[in-house]
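Given chain A, work out where chain B should sit, using these hints.
Top to bottom, those sequences are chains A and B.
According to the numbering used here, the stretch in the first sequence is residues 12 to 294, in order.
According to the numbering used here, the stretch in the second sequence is residues 12 to 294, in order.
Read the hints as simulated data drawn from the structure, not as lab findings.
Treat the hints with caution; some may be incorrect.
It does not matter which identical chain is meant; a pair holds if it fits inside one copy or across any two.
What the hints assert, rightly or not - EDC-like mimics (lysine to aspartate or glutamate), calculated; alpha carbons at most 16 Å apart, straight line:
id : residue 1 : residue 2
1  : Lys168    : Glu93
2  : Lys65     : Glu23
3  : Lys31     : Glu42
4  : Lys100    : Glu39
5  : Lys168    : Asp205
6  : Lys202    : Asp214
7  : Lys122    : Asp87
8  : Lys202    : Glu191
9  : Lys31     : Glu260
10 : Lys122    : Asp86
11 : Lys31     : Asp214
12 : Lys69     : Glu42
There are 2 protein chains.
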Amino acid sequence: MATILKGAEVVEALNAEIIKEAEALRAEGIEPTLAILRVGERGDDISYEKGVTKRAEKVNVAIRNVILPVDVSQDDLVDAIENLNADSKVHGVLMFRPLPGHLDEDYVRNKLDPAKDIDGITDASTVGVFTGVNSGFAPCTPSACMEILEHFDVSIKGKNAVVVGRSLVVGKPAAMMLLERQATVTIAHSKTTDLPSVVRAADIVIACVGRAEMITADYLRTGQVVIDVGINVTEEGALVGDVDFSAAEGIVDFITPVPGGVGTVTTSVNLKHVVSAARNQNK
Amino acid sequence: MATILKGAEVVEALNAEIIKEAEALRAEGIEPTLAILRVGERGDDISYEKGVTKRAEKVNVAIRNVILPVDVSQDDLVDAIENLNADSKVHGVLMFRPLPGHLDEDYVRNKLDPAKDIDGITDASTVGVFTGVNSGFAPCTPSACMEILEHFDVSIKGKNAVVVGRSLVVGKPAAMMLLERQATVTIAHSKTTDLPSVVRAADIVIACVGRAEMITADYLRTGQVVIDVGINVTEEGALVGDVDFSAAEGIVDFITPVPGGVGTVTTSVNLKHVVSAARNQNK
Chain A
12 MATILKGAEV VEALNAEIIK EAEALRAEGI EPTLAILRVG ERGDDISYEK GVTKRAEKVN
72 VAIRNVILPV DVSQDDLVDA IENLNADSKV HGVLMFRPLP GHLDEDYVRN KLDPAKDIDG
132 ITDASTVGVF TGVNSGFAPC TPSACMEILE HFDVSIKGKN AVVVGRSLVV GKPAAMMLLE
192 RQATVTIAHS KTTDLPSVVR AADIVIACVG RAEMITADYL RTGQVVIDVG INVTEEGALV
252 GDVDFSAAEG IVDFITPVPG GVGTVTTSVN LKHVVSAARN QNK
Chain B
12 MATILKGAEV VEALNAEIIK EAEALRAEGI EPTLAILRVG ERGDDISYEK GVTKRAEKVN
72 VAIRNVILPV DVSQDDLVDA IENLNADSKV HGVLMFRPLP GHLDEDYVRN KLDPAKDIDG
132 ITDASTVGVF TGVNSGFAPC TPSACMEILE HFDVSIKGKN AVVVGRSLVV GKPAAMMLLE
192 RQATVTIAHS KTTDLPSVVR AADIVIACVG RAEMITADYL RTGQVVIDVG INVTEEGALV
252 GDVDFSAAEG IVDFITPVPG GVGTVTTSVN LKHVVSAARN QNK
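Just chain A, with the same shape it has in the complex (with noise of 0.2 Å):
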């Protein structure tokens, strides 16, 4: 039976190094701060924000709500980003993504100080984790799957990864985190020939696909690690993950579960990211 990589034993070990260095920064006089910066009142943003803060409470990260009409004009979200730049007192925003339509979010994102891009969603951030050059922060949810790799000491370097998913907040990152840690890399996705065998030939697998339990017993070998980043509600109505874990939990050798996994993960990983931000900015 695979060892269950629990997200939780994860976010504690990264909440103590957080609650450390937010101390450390108080007692520098500084209060490491994230601003929340939402517009409208999507479910989806509400439940994560309540999530942030709640973890934010417990890390000692101040929280700065920013909340802005479902109707805000481009300008004035624009200035909104701006006055954030501008406010010291402000380490790390997170803006919550998708933006209404009538935004133009590709120009809306770029406004954004890449210093306090605590959740990677400039191009600057970006070219960063391309590169592979350490400027600006990482998307959370592929740097909580290296937190996980590395809190359970899972070795990388010279390994076989596979990244099923190409997306540009996941898989794309991933894979070159992946690679900045000496693995070699496959990026496999939905046009893959024979995907079984090629998730199969690796000895870590990162599912990011979004398709509920897509990742059965036949992709699968004793001597893996799966991280299984795949958040997906059933007909049923249950969270699984991309990866049947039922079925991997008996062939492979360490997996993540859903939930319970990567995504508890993130929200630490965003925080993390606040109070790096706030010590980069204080240096």
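Just chain B now, with coordinates in the frame of chain A:
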């Protein structure tokens, strides 16, 4: 015996395409123009400059030479770039690198207008390659690899491609471009475990490590298409690729030669980008 994928054939086809587009532009009163910006008198730069100039003449693209002294100040170099950005008669800019050590290359290269960045050196172009959004231009060498695959009708979709090497100018963008064309892409490198079998598993091999003839018979199998990006000088003064050509020739199905392969196509890609840029700027 492998079929040799001769660069000259691709160049001929590309040149015909460029000539046609250059003619169409001239008919509209637009003279497609490439500015070559050189700092100092490096032999490599001067030799590439000569090659581009000769090829440009052939395809009716005008060249504007901007030559600055090796001790040029950063301000003067940036001024030169900004003048080219502002000049509506210049459509593309090729700036030789590396720049002399007293210049901040990262700062300087990003002063170039991405619309004129026909060699893909700005961060904006890098983001375009990584995201697969066709803004800006990809660097010329990986673009040349794609032109060769396309010219010889190599099917890419669903194929396993391995890129050996992960540089920012060749390996990483080549991987992204293959991914964009629906290949399953593996990025391998010096830390890869059992590199021969990783390479052997691929249908398409892009060799861009920069080590003379390191890819030998045991990395190869019948059925493969091999694109050799390497240009290495042996102790005997011979020009060889990253692939042991004489061994590969008897094993794989298709292979590019060195010299006369990718390198020669690169120059025409530069010029193709110039006419595309001229078209984009005059829509």
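Cross-check of the supplied hints:
no.: 1; hint: Lys168 with Glu93; result: neither (41 Å within a copy, 43 Å between copies)
no.: 2; hint: Lys65 with Glu23; result: within (14 Å within a copy, 64 Å between copies)
no.: 3; hint: Lys31 with Glu42; result: within (13 Å within a copy, 62 Å between copies)
no.: 4; hint: Lys100 with Glu39; result: within (13 Å within a copy, 55 Å between copies)
no.: 5; hint: Lys168 with Asp205; result: between (26 Å within a copy, 13 Å between copies)
no.: 6; hint: Lys202 with Asp214; result: between (21 Å within a copy, 15 Å between copies)
no.: 7; hint: Lys122 with Asp87; result: within (12 Å within a copy, 28 Å between copies)
no.: 8; hint: Lys202 with Glu191; result: between (25 Å within a copy, 11 Å between copies)
no.: 9; hint: Lys31 with Glu260; result: neither (35 Å within a copy, 60 Å between copies)
no.: 10; hint: Lys122 with Asp86; result: within (11 Å within a copy, 26 Å between copies)
no.: 11; hint: Lys31 with Asp214; result: neither (34 Å within a copy, 50 Å between copies)
no.: 12; hint: Lys69 with Glu42; result: within (14 Å within a copy, 64 Å between copies)
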